[in-house]
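> Protein chains in written order, with the working numbering: chain A, 4 to 344; chain B, 4 to 344; chain C, 4 to 344.
One or more of the hints may lead you astray.
In silico lysine-lysine, DSBU-like type, Cα no more than 30 Å apart, as pairs [claimed, not checked]:
{"no.": "1", "chain 1": "A", "residue 1": "Lys196", "chain 2": "B", "residue 2": "Lys5"}
{"no.": "2", "chain 1": "C", "residue 1": "Lys5", "chain 2": "B", "residue 2": "Lys196"}
{"no.": "3", "chain 1": "A", "residue 1": "Lys5", "chain 2": "C", "residue 2": "Lys5"}
Worth flagging that the hints you see were computed from the coordinates, not collected in a lab.
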Amino acid sequence: MKASEVARVVAGRIEGGADPDLTGVAPLDRATPSDLSFLSNTRYADEAAASAAGVLFVTEAMSRELPASITRIVVGDVYAALAGVLPLLYPPVPREPGIHPTAILEAGVVLGDSVRIGAYAVIRAGTRIGDRADVGVHCVVGRDCVVGEDAYLHPQVTLYDDTRLGARSILHSGVRIGVDGFGYHAAGGRPQKIPQVGNCIIGNDVEIGANTTIDRGSIGPTEIGDFCKIDNLVQIGHNVRIGAGTVIISQVGIAGSTRIGRGVTLAGQAGVNGHITIGDGARIAGQAGVFGDVPPGATYSGYPARPHREALRVQAAINRLPALLRQLRGGSGADTPSSET
Amino acid sequence: MKASEVARVVAGRIEGGADPDLTGVAPLDRATPSDLSFLSNTRYADEAAASAAGVLFVTEAMSRELPASITRIVVGDVYAALAGVLPLLYPPVPREPGIHPTAILEAGVVLGDSVRIGAYAVIRAGTRIGDRADVGVHCVVGRDCVVGEDAYLHPQVTLYDDTRLGARSILHSGVRIGVDGFGYHAAGGRPQKIPQVGNCIIGNDVEIGANTTIDRGSIGPTEIGDFCKIDNLVQIGHNVRIGAGTVIISQVGIAGSTRIGRGVTLAGQAGVNGHITIGDGARIAGQAGVFGDVPPGATYSGYPARPHREALRVQAAINRLPALLRQLRGGSGADTPSSET
Amino acid sequence: MKASEVARVVAGRIEGGADPDLTGVAPLDRATPSDLSFLSNTRYADEAAASAAGVLFVTEAMSRELPASITRIVVGDVYAALAGVLPLLYPPVPREPGIHPTAILEAGVVLGDSVRIGAYAVIRAGTRIGDRADVGVHCVVGRDCVVGEDAYLHPQVTLYDDTRLGARSILHSGVRIGVDGFGYHAAGGRPQKIPQVGNCIIGNDVEIGANTTIDRGSIGPTEIGDFCKIDNLVQIGHNVRIGAGTVIISQVGIAGSTRIGRGVTLAGQAGVNGHITIGDGARIAGQAGVFGDVPPGATYSGYPARPHREALRVQAAINRLPALLRQLRGGSGADTPSSET
């Protein structure tokens with residue numbers, strides 16, 4: 004594929020004179036003259052200048068950081084351009100509709116048109132699979148589930164009974180949806196299980212990362228809105244409700260009955276307490292420990308999480324603390340480290 | 004089921020005049036007149052007053068917060084009442100004993116009465132499965148394991164060789180028990196594996212959440228006591244010993260050889276160092292980093308974890324720090340945030 | 004096996020007079036006179052003195068802490084000695100080469116000599132499995148993968164398409180390699196998926212713990228160097244590159260495009276930001292939050308992570324803060340805990 008053709012596909016402007024033939028996409032330091040690469044951040048400008056890539060996607064602003072000799076395609080959004088051109092250079096493996104002879108479909112399973120059911124998958128009684136959905140090898144879809152059209156389940160996903168999964172959703176390997184939540188009452192000094200009779204409702208266009216777990220509602224549903232993107236190894240507790248377009252990075256944990264708005268970002272390893280509300284568009288920093296409500300649009304960080312500016316102010320004050328103590332004690336060497344770790 | 008009949012089952016007192024027919028249980032904001040709901044916390048009293056639920060479970064104290072017109076069943080423990088009535092309104096799916104024809108049982112497997120072995124499950128040589136145990140679809144039970152009576156393994160659980168699982172235990176999908184622990188010694192500057200020859204012993208009435216991992220002992224067993232309740236995505240290292248009735252919330256990690264007492268609570272994402280002891284009845288807050296021993300009955304929080312009152316005192320002092328610095332410097336604006344994040 | 008024979012095998016010096024017959028290895032508090040045990044840390048010296056073990060592995064230094072009456076084998080490295088003797092006392096289960104009749108091998112799969120493919124495993128088109136490799140029950144090996152010789156995949160591992168796995172690597176149950184990374188661009192206010200066309204390259208002699216997830220590169224590979232040891236429930240993002248011999252403890256998360264050197268140690272639950280560099284031989288403490296580059300050989304801890312000595316100094320200052328505030332305010336009781344948690 005000619006670089007000029009790539010430029011046309013992504014509505015970009017090619018500059019730099021050359022028009023190489025491109026066979027793939029590669030990172031700056033691995034690209035060869037037949038590779039497309041890209042510059043996403045000015046911190047990599049030197050690496051870009053030294054790259055052997057045949058052509059680079061850059062924004063207008065980044066283009067100015069590069070020597071004129073470098074062939075580039077100037078675009079409005081580098082990642083959108085990549086998303087546009089990658090399927091042309093790396094055509095996805097064609098779908099293979101069909102029911103593998105080893106798949107087990109219990110009574111009352113209803114299959115849409117052109118579905119694929121992989122080897123050794125098990126679909127339990129009363130479940131409906133939408134048109135063109137793809138249920139991977141070794142998946143287990145419980146009783147009375149609904150799998151939306153064009154949904155894609157990678158191998159070894161488990162949907163517990165009564166799960167509803169929206170159209171075009173993608174579940175990676177090892178995802179478990181509809182798990183019994185953590186609900187016990189104390190009786191005789193011992194925790195006793197409370198039956199978990201709710202379910203999970205996953206919206207359309209949701210992607211869920213590998214080995215992520217989502218609990219069913221204790222009563223009523225746990226709900227994940229349309230266009231949510233959830234990374235690997237995330238935990239979502241029972242009765243949680245998450246609005247559309249929210250993004251949850253790896254290893255986040257959300258305790259039960261919390262409500263999270265639309266367009267929220269939760270960065271990696273953040274923990275969110277139960278029974279609280281995080282407003283639309285809020286941003287929670289990595290490893291934050293969120294114990295109370297977060298207003299819409301706010302950015303919170305730290306433990307306990309607070310507005311990020313305030314957290315930075317406290318952090319800056321902490322950093323000055325050893326010097327302050329030294330000063331108050333007249334530089335007496337009192338800041339010898341203690342050994343609490 | 005009449006509300007008055009529900010009240011009888013849970014030994015509660017019905018008040019408010021009506022006696023609706025109930026077909027389900029729902030959260031306050033979704034309940035209809037044919038639903039039972041409940042009030043677990045006075046913070047939801049307004050929601051309860053506005054709910055369309057046919058009847059509410061409440062405690063004596065919460066009952067006083069509600070308008071007299073609301074039909075309620077007054078009980079001693081809302082969750083115990085729910086646990087009592089849920090199986091009546093949501094009868095569990097009947098058990099289906101039997102060995103699926105695709106299940107593979109190696110030589111010397113001993114099956115109790117009325118067991119169920121799901122499709123494509125593999126039970127390796129020398130393993131015993133107790134009466135009425137249920138081994139789900141795609142489970143792998145290693146060599147020489149013991150699965151207790153009435154144990155329930157959801158799909159895709161892996162028990163490594165020599166695991167012992169107690170009676171009535173519930174393992175959710177993706178649980179891995181008896182994994183090789185993280186044991187290496189340095190040789191020639193490279194980590195070399197130390198064979199892990201211990202095993203895992205899980206007590207009776209234990210529940211373990213989805214995708215949780217428990218390492219086998221390096222030598223001797225890793226032990227989880229009776230009535231422990233372990234949430235999703237928890238990691239328990241080799242040689243750990245946990246006393247009866249301990250509760251471990253999601254994403255907690257416990258490093259090797261640590262001993263945890265009876266009736267301990269470890270909240271979400273807490274991390275516990277190796278080779279330490281946490282006493283009976285201790286409570287560890289979410290995200291705490293526990294580096295040393297914790298005495299029985301203590302509540303610890305923070306990083307490094309310390310007694311919770313002390314942690315609160317330090318936290319309060321930290322919160323006053325920016326103002327203190329401003330004051331010491333005469334309000335010179337010296338608290339401009341630095342940029343370390 | 005006689006204790007004197009064990010001493011010979013590990014090139015140790017037996018002392019204490021007795022020469023018991025040994026049938027197993029056990030921890031100090033469970034060992035019987037026919038067990039070998041060991042002392043790894045002087046904190047356990049009392050337990051060692053009280054142990055019923057037939058013989059103990061000890062170092063020269065630890066030997067001096069023990070009563071002369073205790074039979075011991077003095078070695079240079081206790082763990083290396085254990086690694087040497089364990090396979091003799093606990094012979095590993097013999098390998099069982101062969102292709103289980105239920106395994107599915109698609110077109111173009113190439114198998115080396117003496118491989119084992121477990122029951123219900125699925126190997127997709129174009130994949131090569133090296134000599135003596137062992138692909139466990141229910142494993143799914145995607146298209147065009149390479150599995151190195153003597154690699155060992157425990158049950159229910161998923162390798163996505165194009166994964167390359169080195170020789171002698173061990174993957175525990177539930178490992179997912181080559182998962183689509185978390186790559187989206189915003190379009191119309193909604194996150195849109197960017198195809199992830201890179202792959203994963205795992206070196207030789209790597210061990211990866213249960214339910215760990217490793218993303219494929221977005222473009223180009225995600226790379227794990229030779230002799231890396233990765234624990235359970237770890238997350239490694241797309242395009243990450245990790246040098247040889249690096250050790251990653253449970254529940255660590257590494258965000259995309261970060262480069263980690265050789266011989267690095269990342270302790271449990273640490274989080275590492277994307278697009279940064281951690282130098283060779285660095286050590287990152289448990290639960291640390293690493294937001295910026297870490298120089299080679301440095302030890303970092305805390306949130307945000309900083310040099311450990313500096314973190315200890317700040318921590319010590321924080322610990323003195325309540326008293327300082329009391330002093331500044333004349334002991335006015337101003338340190339009443341606030342209620343932010």
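> All hints are to be evaluated individually against the structure, with a verdict given for each.
Going through the hints against the structure:
no. : hint                  : verdict
1   : Lys196(A) <-> Lys5(B) : 24 Å, holds
2   : Lys5(C) <-> Lys196(B) : 24 Å, holds
3   : Lys5(A) <-> Lys5(C)   : 74 Å, violated
Hint violations for this structure: number 3 only, all remaining hints satisfied.
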